[in-house]
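Heads up: the protein sequence lines correspond to chains L and H, in order.
Note that my numbering numbers the first sequence so that position 52 is 45, with each residue one more than the last.
Count along the second sequence from 1, add 23, and you get the number used in my numbering.
Among these hints, one or two may not hold up.
Said to hold, decoys possible - Dumping the calculated BS3-like pairs for lysine-lysine here, alpha-carbon to alpha-carbon at most 30 Å: (1) K62(H) <-> K254(H); (2) K25(L) <-> K108(H); (3) K124(L) <-> K238(H); (4) K62(H) <-> K25(L).
Said to hold, decoys possible - The following label-pair restraints were derived from C-beta to C-beta distances: (5) R414(H) <-> E120(L): 28 to 36 Å; (6) Y292(H) <-> E64(L): 42 to 50 Å; (7) A70(H) <-> P90(L): 44 to 52 Å; (8) S(-4)(L) <-> G248(H): 39 to 47 Å; (9) M0(L) <-> G77(H): 47 to 55 Å.
If you're looking for bench data, these hints aren't it; they were derived computationally from the structure.
These numbers come from a predicted model, not from an experiment.
Each residue gets a CB set at the ideal place from its N, CA and C atoms; glycine is no exception.
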Amino acid sequence: MYSKKVMDHFQHPRNVGEIDNASGVGTVGNAKCGDIMRMYLNIDDHGIIRDCKFKTFGCGAAVAASSMATELVKGKTIQEGLAVSNKTVMEALDGLPPVKIHCSLLAEEAIHAAIWDYAKKHHIKIEGLQKPKLDISEGTEKGK
Amino acid sequence: MIYLDNAATTKTAPEVVNAMLPYFSELYGNPSSIYTIAKKSKEAITASREIISGVLGAKPEEIYFTASGSEADNWALKAAFEAYKRKGKHIITTKIEHHAILHTCKYLEKERGARITYLDVDENGVVQLEQLEHAITPETILISVMFANNEIGTIQPIKDIGLIARKHDILFHTDAVQAFGRLPISVDEYHIDMLSSSGHKINGPKGIGFLYIRKGVKIQSFVHGGDQERKRRAGTENVPGIVGYGVATKYAVETMRERTQKESKLGNYMIQRINDEVPNCKLNGHPFKRLSNNVNFSFEFVEGESLLIMLNMEGIYASSGSACTSGSLDPSHVLLAIGLPYEIAHSSLRLTFSDETTKEDIDFTVDKIKEIVKKLRTMSPLYEDFVAGKRKSMIQ
Chain L
-6 MYSKKVMDHF QHPRNVGEID NASGVGTVGN AKCGDIMRMY LNIDDHGIIR DCKFKTFGCG
54 AAVAASSMAT ELVKGKTIQE GLAVSNKTVM EALDGLPPVK IHCSLLAEEA IHAAIWDYAK
114 KHHIKIEGLQ KPKLDISEGT EKGK
Chain H
24 MIYLDNAATT KTAPEVVNAM LPYFSELYGN PSSIYTIAKK SKEAITASRE IISGVLGAKP
84 EEIYFTASGS EADNWALKAA FEAYKRKGKH IITTKIEHHA ILHTCKYLEK ERGARITYLD
144 VDENGVVQLE QLEHAITPET ILISVMFANN EIGTIQPIKD IGLIARKHDI LFHTDAVQAF
204 GRLPISVDEY HIDMLSSSGH KINGPKGIGF LYIRKGVKIQ SFVHGGDQER KRRAGTENVP
264 GIVGYGVATK YAVETMRERT QKESKLGNYM IQRINDEVPN CKLNGHPFKR LSNNVNFSFE
324 FVEGESLLIM LNMEGIYASS GSACTSGSLD PSHVLLAIGL PYEIAHSSLR LTFSDETTKE
384 DIDFTVDKIK EIVKKLRTMS PLYEDFVAGK RKSMIQ
């Protein structure tokens, strides 16, 4: 059911944990659909994402998508981080089963939510960043 | 490998396979034909039918072989509705039935004008008899309540339900797929008019089930086209399947007492160990009125599918009521019906034993569950919030 990459990221998730005094934290998803993802970012003065960690309550795909998303945004600029979409995550994982597409969407939203939190804390406006939908249980249509 | 998913399916017992083999290779005659090998097929079917009817205290001609438990459920509901709808269009069932019942009820509601009452269950998954009596109307033609639940193992008060149905002169069907061969069943004592069962749940082969239909119940043929099964279910009989089912039934009934006692002992041991050693968990289903081989737990802050994949990597096979394993976004309807919050329903793990399950298997499995739950909790934002005091446990 899952690709080798998904299984690898599920079995050996990268960047699990918390960041103390993170620049931005975002939590998305809801317990109804069974997936909750929290993303921590450390962003330096040059707007580079220096560190990224996650915690996820969810299925194998949700864990793998979170893990992959942290890898994809680490070392990137904020704009590059925002450009990491659910498609990027899915492709990097060599695909997800159709019923699991919303997990990759959750990863995208988690990054956005963490950057949103960073922007709010620092009173800055980031171009192209919209207030994230924290509860994306209805978001599956977008992924399909 | 530790296989703890025997409610999904069981290993076909070697003696079952051996009994079936000649009916593929030498005795392959069509039971409807008149020559010698065909006669042997027919005799084999009769023998199996007698074993099964004997176990239920039924007559052989009241057993109708089907291709599955689901077919038996579909037949019972659809055909009973068609036969009795002139009397009334109301059916009573429960919220925790198998989908073979629930989806058939939805179909009858949508396409055939039936009115269905789906009874609630209490927090242990037990149907409330007062609610059942209260739901009965002069239009009620059928009550269908499962004997024992496939997910949480809860056993229903079938005898009491049968009495109520009899008192009101309403047909009573029970889906006994999980109970047949595991619990003693008497169709007369329990006032059961129809009963569904499936071969592969009791170490028999897949592709065979039966519907018991009490003599006098006027339900029509489900498959037309031949004289098989007293013209009620056409199609050349699955002779090897029927033979295997008979052998499996005989074995299940002969060993029932010893087997279920052993399973209960192991089950209670497992429940005790998990309760003692894993914080924030909850046993789902009735504490003791449950199938001897069923253990179902929710591990708070941990999602069921993740738990299953990690157990799988340790060679332990189990199942979960989490949405991720159902292909939909909702967790198990059974776990929601017993009042579990979504989070807790997503966190469930079902372990179902066979008579081959050992104490060593249980110990190894509990050890692994402990490790995995701990690992997944370190990854869980819900657990993080719980530890930080920002979230309360949802398990009382």
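Structure-based check of each hint:
1. A threshold of 30 Å between alpha carbons decides the hint, and for K62(H) with K254(H) the separation of about 19 Å falls inside it, so the pair holds.
2. As the CA atoms of K25(L) and K108(H) are separated by approximately 39 Å, the hinted pair breaks the 30 Å bound.
3. Between K124(L) and K238(H) the alpha-carbon distance is near 67 Å, which puts this suggested pair outside the 30 Å criterion.
4. A threshold of 30 Å between alpha carbons decides the hint, and for K62(H) with K25(L) the separation of about 58 Å lies outside it, so the pair is violated.
5. Taking the beta carbon of each, R414(H) and E120(L) are about 35 Å apart, inside 28 to 36 Å as hinted.
6. Separation of Y292(H) from E64(L) is about 43 Å and conforms to the stated range, judged on CB atoms against 42 to 50 Å.
7. Between A70(H) and P90(L) the beta carbons are some 46 Å apart, a value that agrees with the proposed interval 44 to 52 Å.
8. For S(-4)(L) paired with G248(H), a C-beta distance near 46 Å keeps the hint of 39 to 47 Å intact.
9. Between M0(L) and G77(H) the Cβ separation comes to about 49 Å, which falls inside the hinted range of 47 to 55 Å.
When the structure is compared with the earlier hints, violations turn up for hints 2, 3, 4 and for no others.
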